[in-house]
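> Residue numbers (the working numbering), protein chains in the order written: chain C, 1 to 437; chain G, 438 to 874; chain L, 875 to 1311; chain S, 1312 to 1748.
Treat the hints with care, since some could be wrong.
As the list claims (entries may be wrong) - With a straight-line Cα cutoff of 30 Å, these simulated BS3-like cross-link-like pairs (lysine-lysine) come out:
1) C/Lys171 <-> L/Lys1045
2) S/Lys1482 <-> G/Lys510
3) C/Lys73 <-> L/Lys947
4) L/Lys947 <-> C/Lys171
5) G/Lys608 <-> S/Lys1445
Think of the hints as simulated: they come from the structure by calculation, not from any bench.
Okay, here's what each chain looks like letter by letter:
4 protein chains.
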Amino acid sequence: MTLPGIAQLDRGRVCAPESAALSEAFARVRDASEALAAPLTAEDQAIQSMPDVSPTKWHLAHTTWFFETFVLKPYAAQYRVFDPAYAYLFNSYYEAEGERHPRAERGLLSRPSSGDVLRYRRHVTAAVHDLLTKADQQIRNRIEPLITLGIAHEEQHQELILMDIKHVFSKNPLRPTYRPPASAQQGGREADPVHLGWKSFGGGLHEFGHAGTGFAFDNEGPRHRVWLDGFRLASRLVTCGEYLAFMEDGGYSRPEFWLSDGWATVSARGWAAPLYWERDNYCWKIFTLRGMRALDPNEPVCHVSFYEADAYARWAGKRLPREEEWELAARTVLLGGNLRDRGALHPLPASPGASGALTQMIGDVWEWTASAYQPYPGFRPAAGAIGEYNGKFMANQMVLRGGCAVTPPDHVRITYRNFFYPDARWAFSGIRLAEDA
Amino acid sequence: MTLPGIAQLDRGRVCAPESAALSEAFARVRDASEALAAPLTAEDQAIQSMPDVSPTKWHLAHTTWFFETFVLKPYAAQYRVFDPAYAYLFNSYYEAEGERHPRAERGLLSRPSSGDVLRYRRHVTAAVHDLLTKADQQIRNRIEPLITLGIAHEEQHQELILMDIKHVFSKNPLRPTYRPPASAQQGGREADPVHLGWKSFGGGLHEFGHAGTGFAFDNEGPRHRVWLDGFRLASRLVTCGEYLAFMEDGGYSRPEFWLSDGWATVSARGWAAPLYWERDNYCWKIFTLRGMRALDPNEPVCHVSFYEADAYARWAGKRLPREEEWELAARTVLLGGNLRDRGALHPLPASPGASGALTQMIGDVWEWTASAYQPYPGFRPAAGAIGEYNGKFMANQMVLRGGCAVTPPDHVRITYRNFFYPDARWAFSGIRLAEDA
Amino acid sequence: MTLPGIAQLDRGRVCAPESAALSEAFARVRDASEALAAPLTAEDQAIQSMPDVSPTKWHLAHTTWFFETFVLKPYAAQYRVFDPAYAYLFNSYYEAEGERHPRAERGLLSRPSSGDVLRYRRHVTAAVHDLLTKADQQIRNRIEPLITLGIAHEEQHQELILMDIKHVFSKNPLRPTYRPPASAQQGGREADPVHLGWKSFGGGLHEFGHAGTGFAFDNEGPRHRVWLDGFRLASRLVTCGEYLAFMEDGGYSRPEFWLSDGWATVSARGWAAPLYWERDNYCWKIFTLRGMRALDPNEPVCHVSFYEADAYARWAGKRLPREEEWELAARTVLLGGNLRDRGALHPLPASPGASGALTQMIGDVWEWTASAYQPYPGFRPAAGAIGEYNGKFMANQMVLRGGCAVTPPDHVRITYRNFFYPDARWAFSGIRLAEDA
Amino acid sequence: MTLPGIAQLDRGRVCAPESAALSEAFARVRDASEALAAPLTAEDQAIQSMPDVSPTKWHLAHTTWFFETFVLKPYAAQYRVFDPAYAYLFNSYYEAEGERHPRAERGLLSRPSSGDVLRYRRHVTAAVHDLLTKADQQIRNRIEPLITLGIAHEEQHQELILMDIKHVFSKNPLRPTYRPPASAQQGGREADPVHLGWKSFGGGLHEFGHAGTGFAFDNEGPRHRVWLDGFRLASRLVTCGEYLAFMEDGGYSRPEFWLSDGWATVSARGWAAPLYWERDNYCWKIFTLRGMRALDPNEPVCHVSFYEADAYARWAGKRLPREEEWELAARTVLLGGNLRDRGALHPLPASPGASGALTQMIGDVWEWTASAYQPYPGFRPAAGAIGEYNGKFMANQMVLRGGCAVTPPDHVRITYRNFFYPDARWAFSGIRLAEDA
């Protein structure tokens, strides 16, 4: 997801909730973003540690710019623009909205300060509330879908804020922590290993993609038919211990497990372990939002690229699931798990489930699928700037499903299609195995 | 198709023809490769104009190395290796076969000379014929599928020889010709424009991929079911004249038509026209294997990338076909067209067909599809070096269908899946439009 | 000056002033650095806008690390290290002092904060004062030269702080100002042009380089003899108006004026004007530490590379002076000019001098010479970490002389050799012409 | 010497020999170039193994283009241009002579063939001879200096032909030989080590640079005075055995020996030995124009960069000589040595000389000096295309002196200034130590 801000934004197809609920949801998402930034200093919020990463304050400003640009400017007659220069600084990708500050230079902006950005947020938040209160029904019909989309957009950036600050802190030799380490009680004892079982699904012609009236991004539709052969899905995620066995079997030095492009990437970048793993003599440690700590072999492996997930699966004699297989299977589980509200901010070891039942489908890590990110049959981008880029990212990326430990709980749907380039590792991305029936 | 030699090679699933026919087919393909090189000087055959391109003599040697490595060394007890150093020089990708000369340095090899390579070819060709004559039935059963695969492999390299030498010559300010320009009688008169019609296909659950006993590469299988909605396919390819209208409408400067990665590519490389187009005052000229000549607005546009094909389709309000749509449609046409045997060595203007009938499906240009190159459901690579890389290229590339003006006629199948990176332009690749029914 | 901190540091040969004066000089330089940072926010102080630039707080910490490492740790028995991690973070180049944080990643450090750095400074400043007060004579003899060197080192970083923040602010579309624009009274009226005269110097065998007892960096010595032929030096710097005439005569598009490497640089980077110049319709504006403003044709051209200075001189039918010519000529002028204490923070138009008298020799802009930065005959680096890199930078760089508008006044000497790569433009560097007699 | 053709060419100041002698010298140099190419195949002559290297046939054509462009076109009224396209293909750098084929693409030209180039040579050679025979005195006065310059220019390219083909062959795993290995008698026995002595020179004011009537390039003048302090020069070159001691003492892994830019180069390119050295178990081998062979510890180290030469000298507690020191010392030796006519095509071990006498000053290897390549005082480029680039290369390069084992004997002068970038290693470049008296 090179340009996540936009991607998310643009792909929305929107169904408005009721108005009071919308106002509350809007307030909640605005507060939540600011709460995520609260543990960070002004300097923390300004850093861009690689081109894919954006500074925290950029996320805070860009999500605000969205409401200002698509809701306030067109529909709030009395609205006074906070600062005309922000349109240039905080547009992420919208060609129809004019020129943009170069993505790779977001970390060069000491001004506006994080204080300025907070004032900008409050200015816009108040104006949206004001508009929601005073607008007539005709305007409400126009803005409610846009605000709903803006909320979903801001939720995505909340996940990016945590992904990105993790990367920023990882580049600092002092290794700052975003949140203090869990107490011994919370997480100190190492979990017991959980048996990996397989759940079978029969073949047939099924419908996939978003249907019904709730909100979904436009890339989740239209609803369409796909034939699936029978398949089996692993009952839990691949663990760090299992991944270590792959590493110890020469996983990173044996080309036979890798896609050609994957092997070229491994060679060029010198990968020998997942991102954020560090070897300390005989012991692997990992960097988390709660600081450096020893690796738990029973926790799910995280921060692997698609190439690594695919190579692991080949080494294990299995494969990754297709996105439709995952979606079909997810219909059998409850829509909860280790998401951001749990507070772990890192995937957790599986709990023993019923024999062969699927666990960890929602939350913990985004699960790489075998499916290239492509439009569903019949997909058409919406008109105008909102829809300008609906299909812009449908090349060279792979679909991930399920949400992760830093995903806002409201943001999860089983039709949700996340996507990243196959070499990306800074998302909380992991592996679930599949096999033919 | 970064590493076409291997890719093709590795993905073979093989069914042997009868022995006498095999011997003849083998002789024919070996002669044909040498005939392709005949118009070229020793210096021409040594040039590598970019990393994707291989020198002609490398192709001649690599296809020979294939028979030596996979047929003669294992099965011809008396076989004397021509030169042990060649295993290093002419292995393209087979990890199981040991280290290889770096791909990007193939143009640094003045030795072995093209004369040496020809001697190598004759040594191996004779040894294979000898083996085919003398082998007992058990050996025959082993080598016949391998020779069949080697023939298909060599046919692919024949196409690459022509693609590659075209690129080599295009980099020479003297603009050498591979073959003399067609006489006025042959190609002098500009064709009449042909109306673009649409042919409709109904939806349903269909089977796709190779079935039956003839030879096919392994990526063409297994046969599997896919649901298709109804669709329409354009009756002919997009012409240069139509593509010029896209260009004149600002096609290369308006980001709204482009995938995000496509726009980044256009910007970085300064693309403003297809490869091999040159502006000469008010007039467009193109470089062909028969030299520079004026553009014919009625000939199919060629040497466009997937990004350009996709942008053109969006500009035209249409889309590219899915590979299954193309395959379904191709069942309605005869398996012939403007292939290498026609001698044009360039796509030709469409002839008027029956109203709405599909033309130019086979030959002229490889047609970009909207489908990412991915394994078919149930696909499994074969064991051993032959199968080592069967799935190696199934990431980041797009499927093309149909063959082109430099494809050997024996090499065409409607299940054939060609593939290139979305930014590749040196293949003879073009555009056919599709739309939803 | 790729790694200015070290370079300067290392090349010191040191003669200590009297103790009380030293204590005062130390206090003055420490205060001055903090005063330079005072107008900047914490976020401003963290930005690295290109690898050559360091964040303000890095300069503040690195100059402190110098005193901690070379004075306190070896000589202050009771000294408590402020934070052991800082040795890694704030070492600039000293191999003998162990591993260092990568230069290009200095902008990724949100921690330590600028507040932490200020506490670090006060901790070290107090400890040095304490040591200076309590040390016996033997220790004094050791530390006084080191403190003298540390003061010169910190003065150099003071100049870098201003050079670097100018670059940082220039990358921000909001174009922050370091100091408010001068009032109309101060600088509003455009200066009158001043005639460019020539001052002649006879040839002969002269001595150059530092001699005597005052402090100098080691690259300024040893004193040595050089034969000079007669020459003439321009009475003032080249102005923006004169440089514009070069530009309007096709200066940036005519290879005949350029060194081969210079032309390659111009072509690769698309240079068409000095750094910080921007065209606003028909009018040139420049970015200064006091904000954007109209160009004054009579002010000295600034922020040109050696390549541009050399090309300008060739266009003008002149040449750049050799560093010995400059040094000989500078003996005829007083050691003052538009330096940092003047407060302009930008070069100023020349004042009419006596006919043919040299003006602007000290301050305004560093003057590119025709001399490659090489060791003087007999130069030998000092032993140990302090002297480890004395000659490290004596390749591929060019000497500049004279100081500039952001140089601390105490820091100027006529034997002073500044040096930068010939493509560097972010220093306050300009042009004085010379010709053979 | 990135662009040697031009550089050499352009810097000529010319004094014509007598006419008959000139005609003979011209014939000799033209024949010699062709004789150098005679052992090479057409394919060998077309390869460009890195941007610094040019194909043999390019050298053969470019030296011919020089005579056609600067002698025949202006002065031979009846001359018929051989092929107008060659002006574009074989111009190396002359901006005044119009556009040029990009240097890095010289290896993409299979056409013109080496046969075409030979025909071009003979056409031009005959025309120059014809002109020399028939021209009246006025024309002779114009062309004789140009032909003299063209001869020197072609001699330089003869050296480049051998440097370049060595690099080309080194990139071929078959390691072709340019000339068969020397027989045991010629070179089989390892030489005895020769004691390294020191020869002293007193200080004083001396004149340097070309004087008198013989031919010299313009960068060798004007004659000018330089003051030198007393110094000592090593009696012979640094040997491979001595260089190995540096390597075994950690020379390539200890930054304290290296210039900052040198250390960055070593790190980025992974240098651990001179170019063309290869480790074969416990034994070092080197690639020569006569093939791979064991290293002789007593032969001079060759194919080191300036950075390596400088680091070696620092390790050894010495320094490199200044170019004037070398020139002063060279006045004491005879102008002969191991040059191309000796046939070794590689530096040879020193012979024991008189105690402290200088050996190996001429030939064997170009000796890196401590002097940056800069214009001598009073240097002015000549007018017009011939002189267009006289000073173009006077930045970022270092001077080498003395000639090497592939230098034509006629081409050596003690005022001769060769120059290369400090990271260049494909010239036959080595090390002589110096120290202060």
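> When the hints from earlier in the document are held up against this structure, which numbers fail?
3 and 5
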